[in-house]
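Work the whole structure out from these sequences, hints included.
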Amino acid sequence: MKQFVTRRLGYSLLSLLLLSLTIFFFVRVTGDPAALLVEPGASEEDIAAIHQRFGLDQPLWVQYGLFMLNLARGDFGQSFYYQTPVLDLYFDRLPNSLLLAAVAMAFSLLVGIPSGILAAVRVGRFWDSAGKMFALLGLSLPSFFVGLVLILVFSVFLGWLPSSGSGGVLHILMPAFALGWYFAAAHMRLTRSSMLEVLGSEYVKLARLKGLPQSLVIGKHAFKNALIPVVTLAGINLVLMINVAVVVETVFAWPGVGRLLYEGISFRDFPVVQGIVIMGGTMIVAVNLLVDVVYAVIDPRIRLEK
Amino acid sequence: MAVMANRPLLEIDNLSTHYISQQGTRVVRAVDDVSLRINAGETLGIVGESGSGKSTLALTILRVLPPAAQIVAGSMMFENEDLVRKSDNEMRHVRGKRIAMILQDPMASLNPLFTIGDQVAEPIRVHEGSRRAVAWQRAKDLLKAVRIPSPETRVTQHPHEMSGGMRQRIVGAIGISCEPRLLIADEPTTSLDLTIQAQYLALLRDLQREHGLALIFITHNLGIVARMCDQLAVMYAGRVVEYGPVSRIFNAPAHPYTEALLNSIPRMSDSRKRLTAIEGQPPDLSALPRGCAFAPRCPAAFDRCHKETPPEFNLADGRTARCWLASASVQRGAA
Amino acid sequence: MSTSIETISLPSDLSPRPTASRLGDTPLIPLIILATIALVAIFADVLAPHNPEVGSLTARFRPPFWQAGGSMDHIFGTDQLGRDVLSRLIFGARVSMVVGFTAVIFAGVVGTVLGIMAGYLGGWVDQVIMRVTDAWLALPALTFAIFLAAIVGPSMWNIVIILGLVYWTRYARVVRGEVLSLKEREFVRLAIVAGCSKWTIMRRHILPNVVNSAIVLATLMLGVVIVTEASLSFLGVGVPPPQPAWGLMLSDGKQGLMVGYWWLTVLPGCCIMLMVLSANLLGDWLRVKLDPQLRQL
Numbered sequence: 214m215k216q217f218v219t220r221r222l223g224y225s226l227l228s229l230l231l232l233s234l235t236i237f238f239f240v241r242v243t244g245d246p247a248a249l250l251v252e253p254g255a256s257e258e259d260i261a262a263i264h265q266r267f268g269l270d271q272p273l274w275v276q277y278g279l280f281m282l283n284l285a286r287g288d289f290g291q292s293f294y295y296q297t298p299v300l301d302l303y304f305d306r307l308p309n310s311l312l313l314a315a316v317a318m319a320f321s322l323l324v325g326i327p328s329g330i331l332a333a334v335r336v337g338r339f340w341d342s343a344g345k346m347f348a349l350l351g352l353s354l355p356s357f358f359v360g361l362v363l364i365l366v367f368s369v370f371l372g373w374l375p376s377s378g379s380g381g382v383l384h385i386l387m388p389a390f391a392l393g394w395y396f397a398a399a400h401m402r403l404t405r406s407s408m409l410e411v412l413g414s415e416y417v418k419l420a421r422l423k424g425l426p427q428s429l430v431i432g433k434h435a436f437k438n439a440l441i442p443v444v445t446l447a448g449i450n451l452v453l454m455i456n457v458a459v460v461v462e463t464v465f466a467w468p469g470v471g472r473l474l475y476e477g478i479s480f481r482d483f484p485v486v487q488g489i490v491i492m493g494g495t496m497i498v499a500v501n502l503l504v505d506v507v508y509a510v511i512d513p514r515i516r517l518e519k
Numbered sequence: 112m113a114v115m116a117n118r119p120l121l122e123i124d125n126l127s128t129h130y131i132s133q134q135g136t137r138v139v140r141a142v143d144d145v146s147l148r149i150n151a152g153e154t155l156g157i158v159g160e161s162g163s164g165k166s167t168l169a170l171t172i173l174r175v176l177p178p179a180a181q182i183v184a185g186s187m188m189f190e191n192e193d194l195v196r197k198s199d200n201e202m203r204h205v206r207g208k209r210i211a212m213i214l215q216d217p218m219a220s221l222n223p224l225f226t227i228g229d230q231v232a233e234p235i236r237v238h239e240g241s242r243r244a245v246a247w248q249r250a251k252d253l254l255k256a257v258r259i260p261s262p263e264t265r266v267t268q269h270p271h272e273m274s275g276g277m278r279q280r281i282v283g284a285i286g287i288s289c290e291p292r293l294l295i296a297d298e299p300t301t302s303l304d305l306t307i308q309a310q311y312l313a314l315l316r317d318l319q320r321e322h323g324l325a326l327i328f329i330t331h332n333l334g335i336v337a338r339m340c341d342q343l344a345v346m347y348a349g350r351v352v353e354y355g356p357v358s359r360i361f362n363a364p365a366h367p368y369t370e371a372l373l374n375s376i377p378r379m380s381d382s383r384k385r386l387t388a389i390e391g392q393p394p395d396l397s398a399l400p401r402g403c404a405f406a407p408r409c410p411a412a413f414d415r416c417h418k419e420t421p422p423e424f425n426l427a428d429g430r431t432a433r434c435w436l437a438s439a440s441v442q443r444g445a446a
Numbered sequence: 473m474s475t476s477i478e479t480i481s482l483p484s485d486l487s488p489r490p491t492a493s494r495l496g497d498t499p500l501i502p503l504i505i506l507a508t509i510a511l512v513a514i515f516a517d518v519l520a521p522h523n524p525e526v527g528s529l530t531a532r533f534r535p536p537f538w539q540a541g542g543s544m545d546h547i548f549g550t551d552q553l554g555r556d557v558l559s560r561l562i563f564g565a566r567v568s569m570v571v572g573f574t575a576v577i578f579a580g581v582v583g584t585v586l587g588i589m590a591g592y593l594g595g596w597v598d599q600v601i602m603r604v605t606d607a608w609l610a611l612p613a614l615t616f617a618i619f620l621a622a623i624v625g626p627s628m629w630n631i632v633i634i635l636g637l638v639y640w641t642r643y644a645r646v647v648r649g650e651v652l653s654l655k656e657r658e659f660v661r662l663a664i665v666a667g668c669s670k671w672t673i674m675r676r677h678i679l680p681n682v683v684n685s686a687i688v689l690a691t692l693m694l695g696v697v698i699v700t701e702a703s704l705s706f707l708g709v710g711v712p713p714p715q716p717a718w719g720l721m722l723s724d725g726k727q728g729l730m731v732g733y734w735w736l737t738v739l740p741g742c743c744i745m746l747m748v749l750s751a752n753l754l755g756d757w758l759r760v761k762l763d764p765q766l767r768q769l
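Residue numbers (the numbering used here), protein chains in the order written: chain A, 214 to 519; chain B, 112 to 446; chain C, 473 to 769.
These are computed hints drawn from the structure, not numbers from a lab.
Hints are supplied without guarantee of correctness; some may be wrong.
The list that follows gives simulated cross-link-like pairs (lysine-lysine, DSSO-like), each with its CA atoms no further than 27 Å apart [stated by the list, open to error]:
(1) K433/A / K208/B
(2) K208/B / K197/B
(3) K670/C / K655/C
(4) K437/A / K418/B
(5) K208/B / K255/B
(6) K433/A / K418/B
(7) K761/C / K655/C
(8) K251/B / K433/A
(9) K437/A / K251/B
(10) K255/B / K197/B
Coverage of chain C stretches by chain A, computed from C-beta distances (three or more under 8 Å per stretch; other residues unrestricted) [what the hints assert, rightly or not]:
(11) 536-545
(12) 747-756
None of these values were measured; they are calculated from a predicted model.
For every residue, glycine included, the Cβ atom is placed at its ideal position computed from N, Cα and C.
Following this line, the structure appears as structure tokens:
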């Protein structure tokens, strides 16, 4: 077990390393990183100071070392616009994104799982086709379009819900729906295929042979087993949601990390953009590691693979 | 040991189960015109190659067929009721309670997420409405009955914590938990080690004796049949080609397929240098040849075999054989 | 007699095919839609009634012709700069098509080549390519794309390159998997024994066999790429104005949203939806037709 965790940890660290290299590389690929790292309208001294700070005149590996050193110390640079350290800004906004993602995730599971189960149990018939239709729509409608249409209907034409900001419960409904929509479809698909697989298993067959009622066969034996991959995916998707929420947060002016990214782009505030990207990648690598380890704890067979 | 009863416990007459493809174009005749009887306390062996229809037959009896399969003809009289005519809800009260089944792979048959105790107690709670504590106590007793050591600790464990042999015993415990009259065992020893097989078969025999169970034993292993079974049905391409008391069949097989099966078993006393296998392949059940299904591979086939499908002929001693060779000596019986 | 309730246990080889039966029987509709969009994109100059980039400030925010205030002059109305919406939609099709197809092909070529190399050559080549792939896959596509766009600045071709860079990893992973199993097949071994060089084998034997998966993946990716491009344009780091891109139109349309100028957002959004839906349907159908074993896609 320990061996597995160490190996897996090693992979994650390697991924993080490669990610940092990638980011480092791309920032310098244009040839003039100073243009990005310097505030617009900076003076000569400022530019010189930046050169000094990031060692832009030094050989690349020195620069990279400095870069990593700064990251390790939590120094992601300073936002031009807000004049505060990027990491502080990030953690300031993160709870809002977490909240939005949590509600969106709840929505996507509440819709996705039951519809997936229904589609599997009624495979090939009406509810299955309806489910497939829903899945397609989920994949084909971009989240910001869903958000905009929601605003049109519920804010402009009906006047029921507020179109922006983060005041109360009403404020979170539409953004959570828009964000969760795509994932609801994804979860439905996975639940359906997982359920179908479980329904074809020997232990479900035995459950029927025991004379158990349908409700017990599906509700007890099939359900729990089918849910395992879905829960795993949901965990990963939660973190993914935080990152792709940038468009939804922009549409609804929701004060989360995504909106911060949008501000970063709009104001050409590069340290913010870079910082969010680094944090985003790190979070996903971390959650993947966590999920793999938890899975290995639950299912001993996984540890023996690889 | 055949226990003679007035009526057979289960009487299957002309049963046919076909798999029909979605468009209705392909029809796989998995079970075709099968007739069998089993009396209370008796052991019936069903033998055949893979694809001969034995598993489908078992699933048909309990009506746990996939949606593509349908019973297209026949009847199954069990204690004066026709199982074919029952609704699914009515069958639910038969499954596990009056007729139980053991599957082949115990690792796959047990749900990995639930405890042993839960899974053994389950049918008891469902069929007899027992309270949890009562059912769990019964579960422990059952584990003891199938000779699992320290049942108190086992009862809270999960399937992956047990060995293969123990798991199969647990499946057996589930099978007898509600005191069924008939137990169907679909290749229960195939995935067990040879050393464990013998123990398991002995256990089955003891359970059968203690509980007065009738046992249908599905296998491809004639050696097991010789040890366990009173009656034998040999299946080929979905049909029963020979049926009767085991000893009689072994001494003088009436169907060339049975004979070939018996010959292909290597014996210690054999002086032959090579194993005899049966030539050819089993037929495609969706495109059966005209005439006898075994004719293409049969060393004794003659003209009529390739043209007409033989019916079941009644031979002496309660035997039947689906072969034109048999018609020479007996009159046609109503199968 | 078998009632419909007996639907639970399915033997694997005889279960009813759940996928292709209803929705994907004929890919006719998605094909027609995609073909129409392609034709519109190609003949945009001829089809568009007005110049999509120049508008008349006196004709701002006109609604579509069936609403009060609209006219047949601007069938779908005008935007905040008085530009004709229909013309912008038509030229936007061109942007979506060009960016979509080019990016998908670019990502596909890069990803397939690297995937074949990683799968066939193995060793450190495989390790390097796979580690990079895994690392890049950990970065959400949109975030990565935004990052790159912030660095190089928006332009249509920059976006194509960025999308290619972001999405090649999907191809690499799938193709590598295929190559790993192909490597064990007879005809590859024969070629090795016959003395063919590694590159020849990869080119003449491996490549044609992975093309199927690559094509299916490409069709499925088309939808994803278009949504990403629309998202980028919506955020302002995609195709730059005044070029009409559907995502950009949605972003512009936000301004008029609160006053109910619905056509500025709903119409471009529907175009995006149609195109992505068709690409997805087509991809699903292709996947079932070309190789049922490609389920993992």
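Each hint tested on the structure:
{"no.": "1", "hint": "K433/A / K208/B", "result": "20 Å, holds"}
{"no.": "2", "hint": "K208/B / K197/B", "result": "15 Å, holds"}
{"no.": "3", "hint": "K670/C / K655/C", "result": "12 Å, holds"}
{"no.": "4", "hint": "K437/A / K418/B", "result": "54 Å, violated"}
{"no.": "5", "hint": "K208/B / K255/B", "result": "20 Å, holds"}
{"no.": "6", "hint": "K433/A / K418/B", "result": "53 Å, violated"}
{"no.": "7", "hint": "K761/C / K655/C", "result": "24 Å, holds"}
{"no.": "8", "hint": "K251/B / K433/A", "result": "22 Å, holds"}
{"no.": "9", "hint": "K437/A / K251/B", "result": "25 Å, holds"}
{"no.": "10", "hint": "K255/B / K197/B", "result": "35 Å, violated"}
{"no.": "11", "hint": "536-545", "result": "violated (count 0)"}
{"no.": "12", "hint": "747-756", "result": "holds (count 4)"}
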